[in-house]
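Asker: Make the full structure from the sequences, and use the hints.
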Amino acid sequence: MVKHLKNTMVPLLLFGAALAGAAEPVKIGMITTLSGGGSSLGIDIRDGFQLAMNQEQGTLGGYPVELLVEDDARNPGTAKQIATRLTKKEQVDLLTGIVWSNLAMAVVPSVTRSGTLYISPNAGPSALAGEGCSANYFNVAWQNDNLHEAMGQYLTDKGFKNVYLLSPNYPAGKDALTGFKRFFKGTIAGEVYTKLGQSDYATELAALRAVNPDAVFFFLPGGMGISFLKQYQQAGLNNSVPLFGPAFSFDQGILKATGDSALGVVNSSQWSQDLDNAANKQFVSDFHKTYNRLPSLYASQGYDAARLIASALKATGGNIKDKEAFRAALKRAEFESVRGSFRFGNNQHPIQDIYIREVYRNDAGELTNRMIGVGLREHQDAYAKLCTL
Amino acid sequence: MLLFLEQVLNGLQLGFMLFLMAAGLTLVFGIMGLINLAHGSLYMVGAYGAAAVTGLSGSFLLGLAAALLSAGLCGLLLELVALRRLYDRDHLDQVLATFGLILFFNELTKILFGPQPLYLNVPDWLQGTVELIPGAPYPAYRLAVIGVGILVALGLFLLVNRSRLGMLIRAGASNREMVSALGVNIGLLYTLVFGLGAMLAGLAGALVGPLLSVEVGMGEGVLILTFVVIVIGGIGSIKGALVGALLVGLVDTLGRAFLPGLLEWSLSTEAASSLGASLASIAIYLLMALILVWRPQGLFPAQ
Numbered sequence: 001m002v003k004h005l006k007n008t009m010v011p012l013l014l015f016g017a018a019l020a021g022a023a024e025p026v027k028i029g030m031i032t033t034l035s036g037g038g039s040s041l042g043i044d045i046r047d048g049f050q051l052a053m054n055q056e057q058g059t060l061g062g063y064p065v066e067l068l069v070e071d072d073a074r075n076p077g078t079a080k081q082i083a084t085r086l087t088k089k090e091q092v093d094l095l096t097g098i099v100w101s102n103l104a105m106a107v108v109p110s111v112t113r114s115g116t117l118y119i120s121p122n123a124g125p126s127a128l129a130g131e132g133c134s135a136n137y138f139n140v141a142w143q144n145d146n147l148h149e150a151m152g153q154y155l156t157d158k159g160f161k162n163v164y165l166l167s168p169n170y171p172a173g174k175d176a177l178t179g180f181k182r183f184f185k186g187t188i189a190g191e192v193y194t195k196l197g198q199s200d201y202a203t204e205l206a207a208l209r210a211v212n213p214d215a216v217f218f219f220l221p222g223g224m225g226i227s228f229l230k231q232y233q234q235a236g237l238n239n240s241v242p243l244f245g246p247a248f249s250f251d252q253g254i255l256k257a258t259g260d261s262a263l264g265v266v267n268s269s270q271w272s273q274d275l276d277n278a279a280n281k282q283f284v285s286d287f288h289k290t291y292n293r294l295p296s297l298y299a300s301q302g303y304d305a306a307r308l309i310a311s312a313l314k315a316t317g318g319n320i321k322d323k324e325a326f327r328a329a330l331k332r333a334e335f336e337s338v339r340g341s342f343r344f345g346n347n348q349h350p351i352q353d354i355y356i357r358e359v360y361r362n363d364a365g366e367l368t369n370r371m372i373g374v375g376l377r378e379h380q381d382a383y384a385k386l387c388t389l
Numbered sequence: 001m002l003l004f005l006e007q008v009l010n011g012l013q014l015g016f017m018l019f020l021m022a023a024g025l026t027l028v029f030g031i032m033g034l035i036n037l038a039h040g041s042l043y044m045v046g047a048y049g050a051a052a053v054t055g056l057s058g059s060f061l062l063g064l065a066a067a068l069l070s071a072g073l074c075g076l077l078l079e080l081v082a083l084r085r086l087y088d089r090d091h092l093d094q095v096l097a098t099f100g101l102i103l104f105f106n107e108l109t110k111i112l113f114g115p116q117p118l119y120l121n122v123p124d125w126l127q128g129t130v131e132l133i134p135g136a137p138y139p140a141y142r143l144a145v146i147g148v149g150i151l152v153a154l155g156l157f158l159l160v161n162r163s164r165l166g167m168l169i170r171a172g173a174s175n176r177e178m179v180s181a182l183g184v185n186i187g188l189l190y191t192l193v194f195g196l197g198a199m200l201a202g203l204a205g206a207l208v209g210p211l212l213s214v215e216v217g218m219g220e221g222v223l224i225l226t227f228v229v230i231v232i233g234g235i236g237s238i239k240g241a242l243v244g245a246l247l248v249g250l251v252d253t254l255g256r257a258f259l260p261g262l263l264e265w266s267l268s269t270e271a272a273s274s275l276g277a278s279l280a281s282i283a284i285y286l287l288m289a290l291i292l293v294w295r296p297q298g299l300f301p302a303q
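If you read the protein sequences in the order shown, they are chains A and B.
Using this note's numbering, the letters of the first sequence correspond one by one to residues 1 to 389.
Using this note's numbering, the letters of the second sequence correspond one by one to residues 1 to 303.
Fair warning: there could be bad hints in the mix.
[Stated by the list, open to error] With the Cβ distance kept under 7 angstroms, some of the chain B side facing chain A (calculated, not the full set):
# : residue
1 : Glu6
2 : Asn10
3 : Pro117
4 : Glu215
5 : Thr253
6 : Ala257
7 : Ser273
[Claimed, not checked] Covered stretches of chain A (chain B as the covering partner; in silico rule of three or more C-beta atoms under 8 angstroms from a C-beta of chain B):
#  : stretch
8  : 34-42
9  : 204-211
10 : 220-228
11 : 233-241
12 : 351-360
[Unchecked claim] Examples of chain A residues toward chain B, derived with CB under 8 angstroms:
#  : residue
13 : Asn169
14 : Lys185
15 : Thr187
16 : Val192
17 : Tyr193
18 : Lys195
19 : Gly197
20 : Asp200
21 : Gly253
22 : Glu334
FYI, nobody ran anything at the bench for these hints, they're computed from the structure.
Positions of the beta carbon are idealized from the N, C-alpha and C atoms, including for glycine.
Answerer: What follows is the structure, given as structure tokens:
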């Protein structure tokens with residue numbers, strides 16, 4: 001009798017354990033900036049990611065997902081602590097969400113070394129794209145230089161000869177101007193590094209006017225860009241010297257604060273809300289319906305990150321524990337990206353088109369962007385060849 | 001030469017802006033001996049007040065009035081509810097408490113206005129540029145900021161040196177027990193001075209609103225510069241605040257404008273622009289160090 005019970009119970013228990021294993025959701029940790037300066041970026045990434053999950057009733061690729069969202073307050077130390085807690089205590093299968101390159105550098109190398117997957121929805125520092133690339137690190141947005149490189153190409157194509165450059169004095173600022181110069185063939189009228197977080201550009205604008213360049217290219221993320229755009233207009237320069245920059249200073253959140261001073265400025269982006277593909281149309285309309293605002297490029301990156309994970313879960317039958325197979329599925333990137341063409345290069349960064357957009361006022365009277373061309377097609381970053389993957 | 005003159009104007013504009021902040025801070029510090037880190041929050045309150053009311057009414061002048069009113073009221077409330085209890089505590093307690101207030105104000109502003117920056121435009125009648133120096137058009141709005149700074153400096157000079165209230169303020173700064181023994185309500189005097197300082201900070205916030213972005217935490221960067229100004233000028237002195245503010249404004253502006261160019265004589269363009277930028281951002285701290293070596297109490301210490 002006892003033996004009989006044992007014979008039936010053991011397989012039953014094993015079956016139960018297997019069932020529980022299958023029902024246990026995939027754990028995804030999201031470390032992003034939800035408070036303080038730049039919180040709108042993190043909020044958009046989170047909302048974009050969440051939207052993809054909502055569309056599948058809380059699953060990704062048909063498999064239940066538990067999303068743990070944490071606020072890093074743009075502080076590298078905090079981000080690092082959260083990452084340790086999420087990997088050690090919560091034992092998440094995958095991390096994502098970091099907005100800023102300095103936070104990514106504090107978190108990503110140790111996370112990927114310890115075997116946890118990391119999918120970047122934004123930051124793409126060169127240190128992680130070249131020799132420091134890792135099989136466990138994927139970037140679904142761009143390598144930091146990409147948008148600047150496209151603007152360099154565009155200004156070359158448009159025949160600008162003498163361009164003035166401006167960026168903050170920190171690593172991403174220097175990378176930006178290096179990226180621009182990699183593709184710009186004319187002369188540089190001036191190259192100015194401002195203090196990070198500077199808000200008054202009177203000095204730089206006076207110097208710029210004295211040089212009288214054909215065009216100005218600037219990379220000033222967040223509030224810095226808002227101040228710069230307004231002061232550029234107040235100095236009357238927008239009538240005489242055209243302004244160009246990456247999409248970071250022209251997303252929906254920022255356009256609300258810049259007002260008309262951004263009108264007509266040409267900028268580069270891997271995504272635009274008027275991109276004509278089915279995935280994007282669905283994304284833009286669902287995002288607007290859910291959150292009652294227009295999506296930004298950050299939202300599109302969060303959304304694509306979730307859909308990339310969904311594609312890999314589907315391909316592997318929800319088995320994220322088999323790292324080898326899951327990484328291979330991620331690398332195939334079998335999902336319709338909202339940005340149109342998208343695939344991973346050898347360093348697991350995107351090979352994609354970088355578009356040129358223009359700020360305009362739409363029929364509803366809102367400032368937003370529309371596509372006016374393509375800066376670089378099927379573009380891969382300059383560091384990929386240093387990566388041995 | 002034109003560029004140099006234009007940069008001097010930029011330096012003066014920054015200087016007068018800093019003066020509005022430093023005047024209030026130095027009054028409070030000089031008279032009550034209170035280190036108020038939350039002074040930058042009052043600047044933020046002024047900017048948000050101006051942006052919100054200008055947005056609703058469409059009038060920049062109404063916005064300006066709202067900024068003065070909201071920052072002034074906020075200051076009075078702050079003094080009555082919280083800071084009053086700190087006068088007799090040591091500076092560390094004051095720093096901790098007012099730092100806490102910064103966090104409080106930032107969160108409150110985020111709850112009321114959301115995390116996105118607000119939009120405040122230059123009024124139509126101050127749009128565009130003026131050719132003050134032929135060949136170098138200068139933004140009309142920045143000229144207006146310089147004008148307001150000069151008016152406030154004059155007004156404060158008259159108030160402090162020529163009025164009864166000013167006499168009490170000066171006396172209170174030198175010896176508060178004696179003033180209070182003479183039957184002056186020193187508590188009320190402190191509250192009034194604090195309200196005045198808060199209004200000046202609010203005015204500064206409202207004036208920079210159309211230049212910069214109105215966002216949570218905007219007061220923290222300017223606060224550091226303001227402390228540099230009052231340390232250079234001498235703590236508790238309005239004259240020191242004015243001279244210190246103009247010095248810091250000019251050194252910062254001219255440093256940023258010309259240091260990278262000067263370095264290009266001996267370095268490559270890229271190295272010069274990068275090193276120049278770093279040197280320019282420490283220029284005001286070097287200035288402060290030099291002045292403190294020469295005059296440890298600052299340029300015009302209050303007696």
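Asker: State for each hint whether it applies.
Answerer: Taking the hints in turn, this is what the structure says about them:
Given hint, Glu6/B at the interface with chain A, holds; its Cβ is 5 angstroms from that chain's nearest Cβ, closer than 7 angstroms. For Asn10/B, the interface hint holds, the least distance from its beta-carbon to any beta-carbon of chain A being 4 angstroms, beneath 7 angstroms. Hint status for Pro117/B relative to chain A: holds, with the closest Cβ pair at about 4 angstroms, below 7 angstroms. Taking 7 angstroms as the C-beta contact cut-off toward chain A, the hint placing Glu215/B at the interface holds, the least distance being around 5 angstroms.
Contact between Thr253/B and chain A, as hinted, is supported at the beta carbon level, the nearest pair being about 5 angstroms apart and thus within 7 angstroms. At about 5 angstroms, the closest approach between the beta carbon of Ala257/B and any beta carbon in chain A falls short of 7 angstroms, and the interface hint on this residue holds. At a threshold of 7 angstroms, the smallest CB-CB gap from Ser273/B to chain A is about 5 angstroms, leaving the interface hint in force. Look at the stretch 34-42 of chain A against chain B: 5 of its residues bring a Cβ nearer than 8 angstroms to a Cβ of that chain, three or more, so the hint holds.
Under a criterion of three residues with beta carbons nearer than 8 angstroms to beta carbons of chain B, the stated coverage of the stretch 204-211 of chain A is upheld, 5 such residues being counted. Against chain B, the stretch 220-228 of chain A contributes 3 residues with a C-beta closer than 8 angstroms to a partner C-beta. That satisfies the three-residue criterion, and the hint holds. With a threshold of 8 angstroms between beta carbons, the proposed coverage of the stretch 233-241 of chain A by chain B holds, since 3 of its residues qualify and at least three are required. Figure legend: the stretch 351-360 of chain A, annotated as covered by chain B; annotation inconsistent (0 residues with Cβ-Cβ distances under 8 angstroms, at least 3 required).
At a threshold of 8 angstroms, the smallest CB-CB gap from Asn169/A to chain B is about 4 angstroms, leaving the interface hint in force. Evaluation of the Lys185/A hint against chain B yields a violated restraint, the C-beta minimum of about 17 angstroms exceeding 8 angstroms. For Thr187/A, the interface hint is violated, since its Cβ never comes within 8 angstroms of a Cβ in chain B; the closest pair sits about 11 angstroms apart. Annotation: Val192/A was flagged as interfacial toward chain B, and the flag holds, the nearest CB pair being 6 angstroms apart, inside 8 angstroms.
Hint status for Tyr193/A relative to chain B: holds, with the closest Cβ pair at about 4 angstroms, below 8 angstroms. Among the interface hints, the one on Lys195/A holds; its C-beta lies about 5 angstroms from the nearest C-beta in chain B, closer than the 8 angstroms criterion. With 8 angstroms as the threshold, the beta carbon of Gly197/A comes within range of chain B, its nearest partner Cβ sitting at about 6 angstroms, so the hint holds. For Asp200/A, the suggested interface contact is upheld, since its CB lies about 6 angstroms from the closest CB of chain B, less than 8 angstroms.
A cut of 8 angstroms between beta carbons decides the hint on Gly253/A: the least distance to chain B is about 5 angstroms, and the hint holds. A distance limit of 8 angstroms between C-beta atoms decides the matter here; for Glu334/A the minimum to chain B is near 36 angstroms, and the interface restraint is violated.
Against the hints set out earlier in the document, violations occur for numbers 12, 14, 15, 22.
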